[in-house]
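6 protein chains.
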Amino acid sequence: MSEPSGLAEETRRLLELTSTATLTTQLFKRGLRNTFVQGVRRVTPGHGVMVGEAFTLRMIPAREDLDHPDMFTDRSHPQRRAIEECPPGAVLAIDCRKETRAGCLGDILCARLLERGVAGVVTDGAVRDLPQIEALPLPVYAAGGAAPASFGVHHAVDLNQPIACGDVAEFPGDVLVGDREGVVVIPRHLADEVARDAAEQEQLESWILNEVKAGKGIFGLYPPDAETRARYQAWRDGRRER
Amino acid sequence: MSEPSGLAEETRRLLELTSTATLTTQLFKRGLRNTFVQGVRRVTPGHGVMVGEAFTLRMIPAREDLDHPDMFTDRSHPQRRAIEECPPGAVLAIDCRKETRAGCLGDILCARLLERGVAGVVTDGAVRDLPQIEALPLPVYAAGGAAPASFGVHHAVDLNQPIACGDVAEFPGDVLVGDREGVVVIPRHLADEVARDAAEQEQLESWILNEVKAGKGIFGLYPPDAETRARYQAWRDGRRER
Amino acid sequence: MSEPSGLAEETRRLLELTSTATLTTQLFKRGLRNTFVQGVRRVTPGHGVMVGEAFTLRMIPAREDLDHPDMFTDRSHPQRRAIEECPPGAVLAIDCRKETRAGCLGDILCARLLERGVAGVVTDGAVRDLPQIEALPLPVYAAGGAAPASFGVHHAVDLNQPIACGDVAEFPGDVLVGDREGVVVIPRHLADEVARDAAEQEQLESWILNEVKAGKGIFGLYPPDAETRARYQAWRDGRRER
Amino acid sequence: MSEPSGLAEETRRLLELTSTATLTTQLFKRGLRNTFVQGVRRVTPGHGVMVGEAFTLRMIPAREDLDHPDMFTDRSHPQRRAIEECPPGAVLAIDCRKETRAGCLGDILCARLLERGVAGVVTDGAVRDLPQIEALPLPVYAAGGAAPASFGVHHAVDLNQPIACGDVAEFPGDVLVGDREGVVVIPRHLADEVARDAAEQEQLESWILNEVKAGKGIFGLYPPDAETRARYQAWRDGRRER
Amino acid sequence: MSEPSGLAEETRRLLELTSTATLTTQLFKRGLRNTFVQGVRRVTPGHGVMVGEAFTLRMIPAREDLDHPDMFTDRSHPQRRAIEECPPGAVLAIDCRKETRAGCLGDILCARLLERGVAGVVTDGAVRDLPQIEALPLPVYAAGGAAPASFGVHHAVDLNQPIACGDVAEFPGDVLVGDREGVVVIPRHLADEVARDAAEQEQLESWILNEVKAGKGIFGLYPPDAETRARYQAWRDGRRER
Amino acid sequence: MSEPSGLAEETRRLLELTSTATLTTQLFKRGLRNTFVQGVRRVTPGHGVMVGEAFTLRMIPAREDLDHPDMFTDRSHPQRRAIEECPPGAVLAIDCRKETRAGCLGDILCARLLERGVAGVVTDGAVRDLPQIEALPLPVYAAGGAAPASFGVHHAVDLNQPIACGDVAEFPGDVLVGDREGVVVIPRHLADEVARDAAEQEQLESWILNEVKAGKGIFGLYPPDAETRARYQAWRDGRRER
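Residue numbers (the numbering used here), protein chains in the order written: chain A, 1 to 242; chain B, 1 to 242; chain C, 1 to 242; chain D, 1 to 242; chain E, 1 to 242; chain F, 1 to 242.
Think of the hints as simulated: they come from the structure by calculation, not from any bench.
Honestly, I wouldn't trust all of these hints.
Below, in silico cross-link-like pairs of lysine-lysine (DSS-like), each with a Cα-Cα straight-line distance of 25 Å or less [as the list claims (entries may be wrong)]: (1) A/98 x F/98; (2) F/29 x A/29; (3) E/98 x A/98; (4) E/98 x B/29; (5) D/98 x E/98; (6) D/98 x B/98; (7) F/213 x E/98; (8) B/216 x A/98; (9) B/98 x C/98; (10) E/98 x B/98; (11) D/98 x A/98; (12) C/98 x D/98; (13) E/98 x C/98; (14) A/98 x C/98; (15) D/29 x C/29; (16) F/98 x B/98; (17) D/98 x F/98; (18) F/98 x C/98.
It should be emphasised that the depicted structure is a prediction, and the values quoted were computed from it without experimental measurement.
Chain A extracted, bound-state conformation:
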């Protein structure tokens, strides 16, 4: 089982400044086309960007003789262990097979994750106690809200194995970044370079957006041709001088 090994502070800082849109473009340029978690939305509106390494929990369909409320007294139950073992600063990523008829987590468990300093939650299933969770300062991404508890639909199998989440592969330690658009999965070994290049791209596109707001047309500007690149470079140089 691979242990999340710590994200460089600079990488984390840069990722907090970039949009998931920009990150998917950087990953596309590296040949990765399927990096955006499908079908989930941010269910806790405020509280900023989510950045953290994936700590995974895998669910399969429930079986009535195995899955019932009493099983949670078992301290080795993977769902409960996930709540206490997901490292501070990591993101709990849960494979629910896109099944939304039950919530895989509720407000008490989310409150505990928040207490423990976990960076966020991403699941392609549902959460329960949605009205209570919405108020927590914890980034939570889910495919919806559903009142029924997990054991009627899900059987928790294992921790920190590679999973599918919203039709994207997530390996333990992959860097998950979430803004209000959604969640992008960055393979662990690419995190530093993608963060750096994405921040660069953000700066250029922010300048381009200002040009557009100043009335410029997009041809030659977006994407920038040589002349535009020169103007941008001059602007950047000018800023640095200040």
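Use these hints to put chains B, C, D, E and F onto chain A, whose structure you have.
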């Protein structure tokens, strides 16, 4: 045709204090696994919890020779009768076969339901005039909003028969409870005991949530072991003494 | 290629006052049952009603050798041309085959459309940079938000051809009207008469809604019988006299 | 409850000679656009065309306390009553809400329907014991095969009420015609005239098909222009003379 | 990792004689409601019933840098290991997340499984080389056929872990039984008793079917009342005497 | 409008010998991952492989005032023109937006295509008169069969424009190859080299399959390592000498 027979005041009061999440757990403990209406959301954000007995309306697909604007002049039309006959305090539950291409109700009919003291509306189809309905102090749950009128898609068949709504069975008189998460269906004969036990569970979980916020881990706490139960009992006893 | 030919000022004014619900009813009366764009929502909450003639862009699935970031340097690329050629006052309508895994437009292109005076955007696909787009005073309707850029999923083919959008036919020049409920497609030749009759219907239904709020029942009122129509006419005549 | 009232022998004979394709065209000409049961297939390959009046059975979702194997000992159970009460020559039409996780009928019940002279079965759900049913000389249309028994998924509610089946309205007594393409629903009052005109259309199209096979192009032939109609009439007259 | 431990010969023999329909009923009586693999069909028509213990292979979505044709040269690749390690008499069960855009196995690998004496294949994804596979005397169940190879869509992760397959939980060693209707999953510890009781039920229902064919009605017969049970018992006793 | 320009006889011959599975692998090696038409099946079982250049027809949703039986008398109607203009040896490819509620072609039009020497039909919609079409010696691929005529659901727009078909891009002139598994789209400029390399791959895999049938394991064999390649080469050389 079963007539809704009045919900005990205490039961109604307790149900207004409990979340749909807690109610599904109480129903699960009684062997009922499929009680949460799938695929609907609260479309009128404010105005509190919905509690009421189901008064049902059933739709089948429209047939062009039967379904057109003129049919509404017929006072025996089931959709129009539903608006005037749904008892005050009851919930109008509409089976639209999860079809959302047309609205089964619009703002005028919702305003009339509100005038008549109806407790809310639940449909697995769409409503129309969504922007206007959003402003009404009436709990409305639907699978979405759609501008087209019902007669292009739906044919109203009958009132107060058992229906499917969001993949859940709803019998006339069943108690429907809705919060911002969604709607749970409580079989009529279970309403009193479920309300009582759910209120009990809410109180325990509220105490547990406070423990979590105070930094406690979930093992032994949630679900509570004997020691935790004893601490909870002591806390309750202490409160009562005050 | 048909050129949008200018919407009469009175027609535009009336359409801005009518709901999409009312417009679908007027179209239904003329035999058109499939006029409401399915599966899209207003992603930019504020900024009023959208009215404009359709300028269309058509996408087919991407092919890796044709679709990559570099292609946007080509000034004949249909997606980029759409941004600069969609007439002021028109609506850019994009056929994405209901595919939401990538955004067909992002914030820079939307900002440019806004600068150019375009009336809005409707797509049955996704947009990207949703958090940034939400802040723009431009009506945008989409099936969702997705971070990945268009070229991974879509190949832009042509401009101003008839398209499918949300399971509705859209011909260049058709009048698209959008409120918070969604978007209705009015065939170009019907725009004037539909606008006029819809405004008439709105006025009647507004009066009916007031009657309902005053406690009237719906039988004989909605739809109005002869007596109700007489009362309404009297009220109208009275208003005009003032 | 309307009682199926007997289909004229000539109507039945003509319907057995026409394809469902031709019947949908005749219904379309009468303004009925939604008459073909969606999502079902003929699961019993041989044994000819199915023609009969609809006898309906309606299912809603199962509830665990009501639906279990023991309930079938109750002789008033609607599913069991349907088997013994569906009239000979009628078609048993079952509304399963397009839910295919369980079979609504198995081989024993189908064998009994066959014994009783029932004309066929149509359901938008699944049947069970599919391998055994395939061998029966009984037209059966279903959305698939599923081993689990009905009571885990369906609760039988009532008989001979209007139902939805494959997104089409089916009223008791409507005439259901099935060939290897699928099932068309003919409103009872139109059966005679549709049967007559469809047979007429079949004869014309059969002649057109022969023309095509003889090398004729479709312009002027299909649909036939005046000259083609004259040639067809001459051919018909010639045949009659023989 | 649990090792499949050998199925009793008598249990295997009985399971080969029972239908999946009967097996789901026996499992339902033991409280297991979700045991039938959804969405798959037998793609190799002939060659009898499939019985064997599950040997599982799990797929997650592909990642372009990890999944390409060259990876198959790696002898530790889980998909290739599955082909050589699945025990004779076991069933290879593959979790493809119901994704059918690529085949998870083709004709060469199926031919190898056949050579090695594997009892069958079950996947909720697709197979490729379907026309060739159809001719193999190997029971194969899949959600469809798709020409593209697995590596464009799937990343093979691990062997003999619990999986989801067609919305059912499959644990290594569970007994998978497949007939032409589909596949049922029997938890390992229930296999012997379920096999025995199912065989018993088959015999009773076979007798009931004969009664129906002889013209008996279903009331009192199916399910059998006391008198019918007595008649059945007499018939059984009579047979044994012979 | 690009005119299909004739497929080299050798390319056609080789493509008739290769499976769609092999072709998708050759395209994948050239970076094309999305080449297999999703969701269609061969509805005319016999009559061999389909090879031909795409002649495309595009449908959008029907509009009641434009689409009705009478419009087919218009000789410029794109659907009718497609039947008479699709070149002999080409494949008629129809974009139906995966909509299967109506057939886009029936038996008379298919018979005419057969007469004219067209190589086949591919649509992501449905065909009608399926039972009659099944008997024609014409390869037809569709998502299903549906009795209703096209005009109730589809509006034919244009010919020989790029289309989407089963979630794959199809450009006029692309080479469509169909076997019993389905249909693969080969970009026109790659047809010759893909045909050649695919034939090569088929020969190797056919030899590998024989090795497997002779009891060889797959490691080192499939994919072949250096030693296996040498053995294969020796076998090929030996064959040539004969």
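Do the alpha carbons of residue 98 of chain D and residue 98 of chain F lie within 25 Å of each other, as the hint requires? At roughly 19 Å apart (the allowed maximum being 25 Å), residue 98 of chain F and residue 98 of chain D satisfy the hint.
Agreement of residue 29 of chain F and residue 29 of chain A with the hint, judged by alpha carbon distance not exceeding 25 Å: This hinted pair holds, its Cα atoms lying about 19 Å apart.
Holds or violated: residue 216 of chain B and residue 98 of chain A, Cα atoms, limit 25 Å. 31 Å, violated
Run the distance test for residue 98 of chain E versus residue 98 of chain A: straight-line Cα separation, threshold 25 Å. Holds. Residue 98 of chain E to residue 98 of chain A sits at ~11 Å (cutoff 25 Å).
Pairwise hint evaluation, residue 98 of chain F against residue 98 of chain A, where the allowed Cα distance is 25 Å at most: Holds - the C-alpha atoms of residue 98 of chain F and residue 98 of chain A are around 23 Å apart, at most 25 Å.
Restraint status (C-alpha distance of residue 98 of chain D to residue 98 of chain A at most 25 Å): 21 Å, holds
Take the C-alpha atoms of residue 213 of chain F and residue 98 of chain E, compute the straight-line distance between them, and say whether it is at most 25 Å. Distance ~30 Å between residue 213 of chain F and residue 98 of chain E Cα, so the pair is violated.
Hint consistency between residue 98 of chain D and residue 98 of chain B [alpha-carbon to alpha-carbon, up to 25 Å]: At roughly 11 Å apart (the allowed maximum being 25 Å), residue 98 of chain B and residue 98 of chain D satisfy the hint.
Residue 98 of chain E and residue 98 of chain B: Cα distance at most 25 Å? 23 Å, holds
Hinted pair residue 98 of chain F and residue 98 of chain C, Cα distance within 25 Å: 11 Å, holds
Does residue 98 of chain C sit within 25 Å of residue 98 of chain E, going by the straight-line distance between their CA atoms? 21 Å, holds
With a cut-off of 25 Å on the C-alpha distance, tell me whether residue 98 of chain D and residue 98 of chain E pass. 19 Å, holds
Violated hints for the displayed structure, listed by number in ascending order: 4, 7, 8.
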